[in-house]
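Protein chains: 2
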Amino acid sequence: MSSYQAPLQDMQFLLQQVFDADSVWQAIPALAETIESDTAAAILAEAAKFNEEVVAPLNRAGDEQGVSFDNGQVTTPAGYAAAYQQYMEGGWIGLCGEPEFGGMGMPKMLGVLVDELGYSASNAFNLYASLTAGAALCIHAHGDEALKQRFLPKLYSGEWAGAMDMTEPQAGSDLRHILTKATPQADGSYRINGSKIFITGGDHDLTENIIHLVLAKIDGSDGISLFAVPKLAVDEAGNSGESNGVTAGAIEHKMGLKASATCVMHYDNAQGYLVGRANRGLVCMFTMMNYERLSIGIQGLGSAQAAYSLAAEYAKERKQGSAPGASAEIAPIIVHGDVRRMLLNIRCLTEAGRAMAVMTGLQLDLAKFAEDPHQKAYATKLAALLTPVTKAFLTDRGLDCTIDAQQVFGGHGYIRETGIEQWVRDTRIAQIYEGTNGIQAIDFLGRKLVADRAETLNQLLAEMTDALTSFSRVPAAYVEHQLAQQRQFSDAIAAIAEQKSTAPDLINAVAVDALNAFGYMLCGYYWLTMSERAQACQAKLPVTLVRSKQKLCDYYFTRLVGRFDMHLAAVTCGADSTMQLEAELF
Amino acid sequence: MSSYQAPLQDMQFLLQQVFDADSVWQAIPALAETIESDTAAAILAEAAKFNEEVVAPLNRAGDEQGVSFDNGQVTTPAGYAAAYQQYMEGGWIGLCGEPEFGGMGMPKMLGVLVDELGYSASNAFNLYASLTAGAALCIHAHGDEALKQRFLPKLYSGEWAGAMDMTEPQAGSDLRHILTKATPQADGSYRINGSKIFITGGDHDLTENIIHLVLAKIDGSDGISLFAVPKLAVDEAGNSGESNGVTAGAIEHKMGLKASATCVMHYDNAQGYLVGRANRGLVCMFTMMNYERLSIGIQGLGSAQAAYSLAAEYAKERKQGSAPGASAEIAPIIVHGDVRRMLLNIRCLTEAGRAMAVMTGLQLDLAKFAEDPHQKAYATKLAALLTPVTKAFLTDRGLDCTIDAQQVFGGHGYIRETGIEQWVRDTRIAQIYEGTNGIQAIDFLGRKLVADRAETLNQLLAEMTDALTSFSRVPAAYVEHQLAQQRQFSDAIAAIAEQKSTAPDLINAVAVDALNAFGYMLCGYYWLTMSERAQACQAKLPVTLVRSKQKLCDYYFTRLVGRFDMHLAAVTCGADSTMQLEAELF
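Residue numbers (UniProt numbering), protein chains in the order written: chain H, 1 to 586; chain R, 1 to 586.
Worth flagging that the hints you see were computed from the coordinates, not collected in a lab. Don't take every hint at face value.
Pairs involving identical chains hold if they fit within one copy or between any two copies, as the list cannot separate such chains.
Below, computed lysine-lysine pairings styled on BS3-like, alpha-carbon distance capped at 25 Å [what the hints assert, rightly or not]:
hint: 1; residue 1: K540; residue 2: K381
hint: 2; residue 1: K368; residue 2: K551
hint: 3; residue 1: K540; residue 2: K148
hint: 4; residue 1: K540; residue 2: K217
hint: 5; residue 1: K217; residue 2: K500
hint: 6; residue 1: K551; residue 2: K500
hint: 7; residue 1: K181; residue 2: K319
hint: 8; residue 1: K368; residue 2: K316
hint: 9; residue 1: K217; residue 2: K376
hint: 10; residue 1: K181; residue 2: K540
hint: 11; residue 1: K217; residue 2: K148
hint: 12; residue 1: K316; residue 2: K551
hint: 13; residue 1: K181; residue 2: K148
hint: 14; residue 1: K319; residue 2: K217
hint: 15; residue 1: K381; residue 2: K551
hint: 16; residue 1: K368; residue 2: K181
hint: 17; residue 1: K381; residue 2: K316
hint: 18; residue 1: K540; residue 2: K376
hint: 19; residue 1: K551; residue 2: K540
hint: 20; residue 1: K217; residue 2: K551
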């Protein structure tokens, strides 16, 4: 099995032809100097090379060896520490970080693609970096100047890692019930006491220090606050010192992601620093959480892409059976329609999913950098709307795609040494952590659509409609179908908003189907856009790329477009059938 | 986590009220003396007790410990050999076996339910028994009298086990290319030389001997023949003696099913006995294969049921969040519509899937026992039509259901000690082995529908229509919807049959969607039937059962019925979009 090959051509096509990144970047003063297409291409090529050559080869051995825990010390698999050192030296963790604290200030539209390359090489390895970048983002957004000076440079450089410490045994999806306590000290810091579970990267041997962002309740308050709690004490100059009472109590044994340390963490009078305002910790943590949600969506995407590479290669090499209607000669299994069906499903969902990730990255860039306050406000709301979709839709499809890819291998797909089954196990967690996909869907439908009175949604749909009606190179029937789905979706959401007050269970009951309907609707939109743009720009593009986009668009609108209808039908069916069976009859 | 609890009430309801088993059995002379409802109930209760108390407790430890291989010897996990001894003593392996060779002669309609109980307790443990029963079935169907006398009594008793040896590295789905050779001997036996891979239960320490059914080519012939090849030589009196040159070369390390030994097998001049006619081995092996296909479908069903039990119990105990619109009081997560959605999906698919399995068992019984030749011929064809559906639809839904069940557990679902993730890993193989689900679908659409000119299908649909039009207790709108789907399905198959000669790729390209459309159509039919029959027989049934069937039927026709449409749309879209992308563009 050859190693991972990055889909650089598809990525470049998305950035330049589909999202017209150069124009976007030129229009933003903060980015115009930093980035243009050649720089972006060089960064992607470098990230691809590093992930293909250094990270991908560690992935399977890391799964077999796993993380170990002895005498309170977590040890990552062989090769992880050395690779992480190289990763750090490449400056990758600070790619989208703030230049004043040592970050490279690159746009997130590029960052999501680099993140995909990382997850495609190794889910477990990339997570350590993703949490570090997310912790830095949160400290930058909510920390005071002293905290930023103290922590950000070493987070961006990668010398220190970050972790997000929220869950306790009795408080998972519902964080109101956390018991970890923070006691104010005379110097303005706090002493943290308590325990957390399921802390990804809670302890490891990759970095000198780990900065934990910990949710806790200040003595006497039931509000939740956020604290930066280093593993080793940090002096005012930003140097690590002795132990700060933050220890791993155990690591979990999991279905997959075995090279990622999932820790039970204990805080024994650990010194912590308030991030943001007291009792406003959930709001601050959401800055990190939303960053991680997008990143986890990309975990699903990266897994699907990696699994596709393996399966497509196998399907072209493995000979078994003959092509229907042809001679009896044994042929590679890619001649079989059912094998193609699986590969085309993956391809369609992965390429459209990548467009959704880039779209979300673009909105985050506009929310951060745009000078027009209206554009900034809309981009902020649109990023908030797209984040739960990117997280849930891309991870649900990520699992579907890794399962399809495994199926292409037949019996060999179930054997560990083939390597494909690891992608199924590793990506499965992405539907669960950082808020289960059910939680994402309720956030999407309840807060981002209904509570917003569908304003952001309808603005997005209007923009999509404008774009679609300008298309001249894709079949008109597909465009009509897409426009009809967009109208149906808008109508369905309006109907839910109307019933909201009389049917309190409705949003929870139909949210997952609403999110999936929206996700497939976006897939349709992006396939039309990709096919249109590929044809419009064909002079600049390889002929194979243009043909692939056209044919995949055909496949999508022929075979996958009906998935929207299935989910929409479930959205419009009310909550009664879901809620009426008494709990004791389950 | 409490252990597995068998769904005996639902099973009894299916047998007695839905399939009217007593009437069926009374009408068949060979069964009228053997079985009636009280005996069936006692057998199910005993099987439930054994599987709950003896087998289920071994399942998780068996996964952790796995099978080991040292010095050519395969050792099953601690407790397996003792439990298998008890299983054997209970006579379970010969449950549906031939009385003249020591079997109990029970109907398969009951056997499928016992099989489900076994798989729900442990996929890995039950497989050893399933392969033994399948090998006995094949020897009984195709072996000569001497072979039957020699092998069947000890297979039915469980003293010996069976295995099915087909795959070689270069010959998986396409068995034409096997290299294993059989050389005729003067005494009428053969000497077998070669190697096989992926042999489930190829070697183990559970039984004195293992009878391998091996596909091989007789010297000088390219036809494939079937041989019974014992691990230890068997004398004419049926006693095991010394080694017969059948050895395990290695065991595979797999994603799951770790307590099941998947072996590389070597045959070094091993003595084998021809089963059936020379060069007709594939036909003979299909007798075992079809038995195993049904059994593997039930593996998916049993996994879904076991996972449901765990998830439903967790959902009623785990408190997190509050019910929408209610007080802020913390509540068990079953108050949330999205948790209910996952549990109801599993419940609907599992109960309807169980009806499909019993239906298939019924047809096998009629094919075997019916005295009316027309009834026998139809049942034979219908069993052949239903077998690939039961295999593929129940294993695909089995994976969906175990994944949904795992999702109910949130983060805890990804931790090995919770036990739920094992069901996902163990059941994943069921979509692959005994013919991938893609192969099942091509068999279903190509051979069982199109090559049959849809005769069996249309007879089945006519019977279903008759039953549906007699229903008076279920909503007429559901019945109309179901009848419309049945017409659409019949039309779609007719259209495919018409295009067959001009579109050689069509069947392969749309087969999986056709099988799934048919599967969901049957689910709808069985939900209407179960709701109708529960209400019609309510005087004899617990009120909670009647209410559950009605409400689950509502859920099915509200939320899941659209899945048929999605698959049917893909069936009717032709092969072009699937076939047109050049192989090198994948």
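Here is what the structure says about each hint:
1. K540 - K381: neither (34 Å within a copy, 58 Å between copies)
2. K368 - K551: So K368 and K551 fail the 25 Å test inside a copy (37 Å) and across (50 Å) alike.
3. K540 - K148: neither (44 Å within a copy, 72 Å between copies)
4. K540 - K217: Neither: 57 Å inside a chain and 56 Å across chains, both beyond 25 Å.
5. K217 - K500: neither (33 Å within a copy, 69 Å between copies)
6. K551 - K500: Close across copies (23 Å), not inside one copy (41 Å); limit 25 Å.
7. K181 - K319: between (62 Å within a copy, 22 Å between copies)
8. K368 - K316: neither (45 Å within a copy, 44 Å between copies)
9. K217 - K376: Classified as neither: same-chain Cα gap 33 Å, cross-chain 73 Å, threshold 25 Å.
10. K181 - K540: Neither: 59 Å inside a chain and 58 Å across chains, both beyond 25 Å.
11. K217 - K148: Close inside one copy (23 Å), not across copies (74 Å); limit 25 Å.
12. K316 - K551: within (19 Å within a copy, 48 Å between copies)
13. K181 - K148: within (23 Å within a copy, 73 Å between copies)
14. K319 - K217: Answer is between: at 20 Å across copies they meet the 25 Å cutoff, but 61 Å inside does not.
15. K381 - K551: neither (34 Å within a copy, 39 Å between copies)
16. K368 - K181: Answer is neither; intra-copy 33 Å and inter-copy 70 Å both fail.
17. K381 - K316: Answer is neither: 44 Å inside a copy and 36 Å across each miss the 25 Å cutoff.
18. K540 - K376: neither (32 Å within a copy, 66 Å between copies)
19. K551 - K540: This pair counts as within: shortest intra-copy Cα distance 19 Å, inter-copy 58 Å.
20. K217 - K551: Classified as neither; 55 Å inside a copy, 44 Å across copies.
The structure shown violates the earlier hints numbered 1, 2, 3, 4, 5, 8, 9, 10, 15, 16, 17, 18 and 20.
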